[in-house]
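Enquirer: Each chain, letter by letter, is given below.
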Amino acid sequence: MKMRAHHVAKAAYACVEARQNEPNKKKYGAIAHKLPGMILQNGLAQATGFLLAKGAGASEHLMLLDDLKEVLRAGGTVTVTSGEALHREIIAADLAKTLKYTRAALEASGWIKRYVQGVLRVTATGDDSGEQEG
Amino acid sequence: MHARLFHLHTLSALHCGTGRSVGVVDLPIARARATQLPIVPGSSLRGVLRQEIGARDADLERTLFGPRTIKDNANSFAGALAVGDAHLLAMPVRALAGILCYVTAPFILRRYARDLADVGLTTLEIPSPANREHALVPTDSVNLLDNNTLVLEDLDLGAQRNALTLEWARIIAARVHPHETSGQTDFIQRFAILPDDILGYLSETATELRTRISIDQDTGTVKKGALWFEEHLPAESVLWGLYALSDSNEPGKPKRADALAQALPASPTLLQLGGQAGVGRGLVRLLTQEVAA
Chain A
1 MKMRAHHVAK AAYACVEARQ NEPNKKKYGA IAHKLPGMIL QNGLAQATGF LLAKGAGASE
61 HLMLLDDLKE VLRAGGTVTV TSGEALHREI IAADLAKTLK YTRAALEASG WIKRYVQGVL
121 RVTATGDDSG EQEG
Chain B
1 MHARLFHLHT LSALHCGTGR SVGVVDLPIA RARATQLPIV PGSSLRGVLR QEIGARDADL
61 ERTLFGPRTI KDNANSFAGA LAVGDAHLLA MPVRALAGIL CYVTAPFILR RYARDLADVG
121 LTTLEIPSPA NREHALVPTD SVNLLDNNTL VLEDLDLGAQ RNALTLEWAR IIAARVHPHE
181 TSGQTDFIQR FAILPDDILG YLSETATELR TRISIDQDTG TVKKGALWFE EHLPAESVLW
241 GLYALSDSNE PGKPKRADAL AQALPASPTL LQLGGQAGVG RGLVRLLTQE VAA
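First to last, the sequence lines map onto chains A and B.
Quick note on numbering: UniProt numbering labels position 37 of the first sequence as 37, and the sequence is numbered without any gaps.
Quick note on numbering: UniProt numbering labels position 256 of the second sequence as 256, and the sequence is numbered without any gaps.
Okay, chain B solo, but in the shape it has when bound (with noise of 0.2 Å):
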């Protein structure tokens, strides 16, 4: 099994639900139980690229996810890819400097640096705000105001400049925009690193919220009880995750790892994700380069 790292880059707003809740918003994103954190479902994705490679190549698809009907037990066996759930790596705030900031949190980063580590890529140590009302940012960050005060949102948080700051906006726009560097660099200019808190609090009330109705068709005005409030992964968010291949477990039909993997859709591929996909949401980029050393 070779573990191997995943990113995906939403090109529009992105709603993978959990279906209608019994909380504050109708139709919430799904979130990790524990952090509360944003995350995309493994799930959703295989399903997904399921699909995308299944329209091109059926055996390849058989073998990568297994049958699609299991008849009997001589024709089972279990598909060479592993999904994992992709985690909120830095989320677009809107900024009163610089139009937005893609912020992230000492949180977020050990996980992602724990799982760099893990299929063999480089990572850095992890710089923390100084407490939790300051922010750290790249040397060249475009989002200070008077050169010391970050504005998030409602929230005014001291800022420091830090370079290690500005290695980390490096390392993830390498792998978001591996071939355009104005994306690399519009990036590494927006992006800070907040105390935990003030992140945690920004992925729960800084999400993109649509106000829904359905009209009645007979006299165009709107349905009875039909207004609803949709929660989205804003555009220009990252996420990160992990997926694995083992050799094909197809009964006659072998095939190594690393030429499943010379198989996958080409990096970076584009995507539909989740739904409201008929209102263009859930267009992602889907970035699998990484492979393990």
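The following block holds chain A by itself, in its conformation from the complex (with noise of 0.2 Å):
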């Protein structure tokens, strides 16, 4: 038997080290800093809702949101297949699936923060960690 988190941190780790060679990674990198506490400030839906607005002109949104549902999907909370279906499902949720996914999509936004520190090597503010002073 495998523990749940271990499914949703293989997938984590799976998503961002596929991010290694994109040109935007870092911009990617300091989005993804930032989605946990945008999903506790401004709820999930508002989040995804904001993925999915900002990624018509800037890819890494996408990209983003479209790793936040593998992470979910593979934590067996959805079983969507695109991004935008995954903001649809969020917001056609009921209370008690609002509460899931919420508590799912902080677990997996954590993850994919911590492989973008450490695996990525990219801050909060977008910048390669490696060039940090001190």
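As a list, the in silico DSSO-like pairs of lysine-lysine whose alpha-carbon atoms are at most 27 Å apart:
(1) 34/A to 223/B
(2) 26/A to 223/B
(3) 223/B to 54/A
(4) 26/A to 224/B
(5) 224/B to 54/A
Hint data in this document are derived by calculation from the structure and do not stem from the laboratory.
Work from the hints to combine the two standalone chains into their complex.
Expert: Structural data, given as structure tokens:
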């Protein structure tokens, strides 16, 4: 038997590692750092809606939404196959599902953020952590 | 050992943290491991009380908290004051009507009632919401829309006015605002008992999150990587806990617990608890008027 957190972590690791050679990986990393805070401050629907809206002009937002969907799928929270479908699922959710999705999304975004720091080496301000002073 | 009850009322955002975390928030607040409900560790409160009391009476500090340094066994003794963790009793949450609502849940009230009974104070039956999508509010609540809906953050809950909920609101309000009628009224009209699940959810997602940065002195812009999230218990939160006083253990200086209780700071006392004091966080009122029967 495998712990649920390990399924989620494994998926998050794979998603973030796949962004290693993306030209906008620093922007992706900066948004990934902010995603858990965004969910807490604005709610899951607003946060995913923001990623969807901003994605039209800045693809790193859609990349992150897609990765969030992948990690939620791995944890068995949703079965949707696209970032947009994830947002639709979230805004259609009843109270019980909203509680469940929010907790799962916080966990998933926490893992993504952790691997952005550990694998991509991108800081919260979108800088390479190797360039940090001190 | 005389168990006594204390309450904390936060006047500004309160950050009693656990250091840098690997979770979703960089600097989270302390929470009970099993319930994930916010707490203020007894050690935080004890340390602040020691500083407060020690500044005006070094002998009393020694009696209550024990010696600061222990040179040998002959001069060591246990302090007479034990301070437990403070647990969340009611948390202010954004409400569509009435600006905010002080929320609690049957799970919390059961533990609060047990402690009230333990120190000999009156307690009541605990009402439970009809189901996980309904809340109970006092009969004169100002938080309802269309007389039957309570909107908290993004959650729409059915609501039922309830006399027992009013009585609980009065009990808590009287302890948090003992000499202030307007403060009691404000609390009572904005009180709600939520289903346990909803309270648990809000205690994790409706705490105050502050984004902080650090400025590079040379460039005047954000330092590389210096952006982080801090979690706080919002201002107007209410917590409760137990403390206990024993007779003095100090060799050659016998003092009765009741005499030591009289020497504690008058209630309510303004304290600064937790981190970020320099930016105005952590102002709390400590209320200790509840004496064991």
